[in-house]
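What follows is each chain in one-letter form.
There are 2 protein chains.
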Amino acid sequence: MMKASIATAVCLVAALCTPAQANDEDVKEYREHVMKSLNAQAAILGQIVSTAVPPDNLQAHLDSIALLASTALAAFEPKVPGGEAKPDVWAQWPDFSKRMREFADKTAAAAKLGHTASPEEALSNMLDVMDCKGCHEVYRNEKKGKKP
Amino acid sequence: MMKASIATAVCLVAALCTPAQANDEDVKEYREHVMKSLNAQAAILGQIVSTAVPPDNLQAHLDSIALLASTALAAFEPKVPGGEAKPDVWAQWPDFSKRMREFADKTAAAAKLGHTASPEEALSNMLDVMDCKGCHEVYRNEKKGKKP
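Those sequence lines, one after another, are chains A and B.
Position one of the first sequence corresponds to residue 1092 (this note's numbering), numbered consecutively onward.
Position one of the second sequence corresponds to residue 1092 (this note's numbering), numbered consecutively onward.
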C-alpha cells in the first residue's frame, strides 16, 4: 500500500542522498535511541531467564539484539562527548571500537545459533557474550535512578 | 565461546521449559521494554528522514522495527491493565489485535522491500504503515514530558 505522495518520495530521496549534517544533539540522541533499544531487549532476556515472562518470542529478541548491536559502533563514531558516554569512549577508541565490533560479531553468532541449534544454546551463548556491565563500567556514566 | 557452566545451562533449560508465572508487574515491564525499543527505533527513522543523522544503518533499523513489531501483540495478550495501556486495549481486543497484526505484517513487508528494492522505497513504505500516532491516540495514556 504505497500512499506516499510524490513530494514525500522526493523528500526521502533527498534525505538519503544528502550528506546528513548531524549536530551534536542529534548525534547524542541517535546513540541514546540505539542504546535504549539494546538495554530494553537485554532486560527482556533477563525477564525470560528468570521465568518472569514466557520465552515465546525468544528468537525475535535474540535477533533484535544482534541487529541493534550491529548499529551500535557507528552511533559512537562521531566524536561528540556527552550524554552517558564517558570521554574515554574516544580517548580509548581502539579498545572501545574493538569491544563494540566483538559485541556485534558475537551477538550475531549467538542469534544465529537459535536458528540452527536450540533456543537454550542460543540464549546461553548470548548471555555469555553480552558483557554489558563490563563495558558500561569503563565507558558509561549511568544516570542514577533510571530504569533500563 | 561457550563459557556457561553446566549449572547455568541447567537453569536455562529450566527457564525455557517451566511455564512462566508472570505477575502483573512483570507483564507490564515486558510490554514497556518492547514498546520502548519500538519507539526508539521509530525515533531513529525520524532522525534519518529529517537528515539529522546519516542513513548508514537504515536497513538494520527497518529490520529491527519489523522484528520488534512481531513481538508486540504477544506482549499485550495477558489482560493486565496499567502502565500506559488504556483499558480499551482489552475492551476492544478484536480491533487492537487486528491493528497489531497488521502492524507486524506491514512493517515486515516494508523491511523486506529494502532487501529487494531500494532503501528509499523501503523507508517510504515503512513510514506509510507505521501509524504509531493513530493507535496511540486510542490505546495509550502517554506519560507527559517523556522523551520517545
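Watch out, some of these pointers could steer you wrong.
Straight-line alpha carbon distances no greater than 20 angstroms define the calculated SDA-like cross-link-like pairs of lysine to any residue that follow [what the hints assert, rightly or not]:
hint : chain 1 : residue 1 : chain 2 : residue 2
1    : A       : Lys1119   : B       : Thr1142
2    : B       : Lys1177   : B       : Thr1142
3    : B       : Lys1170   : A       : Lys1127
4    : A       : Lys1177   : A       : Pro1145
5    : A       : Lys1119   : B       : Ala1133
6    : A       : Lys1127   : B       : Lys1177
7    : B       : Lys1189   : B       : His1227
8    : B       : Lys1234   : B       : Ala1200
9    : A       : Lys1119   : B       : Ala1134
10   : A       : Lys1127   : B       : Ala1200
11   : B       : Lys1203   : B       : Phe1187
12   : B       : Lys1119   : A       : His1227
Since the hints were made in silico from the structure, they are not lab data.
These figures come from a predicted structure and were not determined experimentally.
Each hint tested on the structure:
1. Lys1119(A) / Thr1142(B): Status holds; Cα separation ~15 angstroms.
2. Lys1177(B) / Thr1142(B): 34 angstroms, violated
3. Lys1170(B) / Lys1127(A): 26 angstroms, violated
4. Lys1177(A) / Pro1145(A): Violated: Lys1177(A) and Pro1145(A) sit about 36 angstroms apart, past 20 angstroms.
5. Lys1119(A) / Ala1133(B): Holds, at about 16 angstroms.
6. Lys1127(A) / Lys1177(B): 24 angstroms, violated
7. Lys1189(B) / His1227(B): 14 angstroms, holds
8. Lys1234(B) / Ala1200(B): 31 angstroms, violated
9. Lys1119(A) / Ala1134(B): 13 angstroms, holds
10. Lys1127(A) / Ala1200(B): 25 angstroms, violated
11. Lys1203(B) / Phe1187(B): 24 angstroms, violated
12. Lys1119(B) / His1227(A): 26 angstroms, violated
Violated hints, listed in ascending order, are 2, 3, 4, 6, 8, 10, 11 and 12; each of the other numbered hints is respected by the structure.
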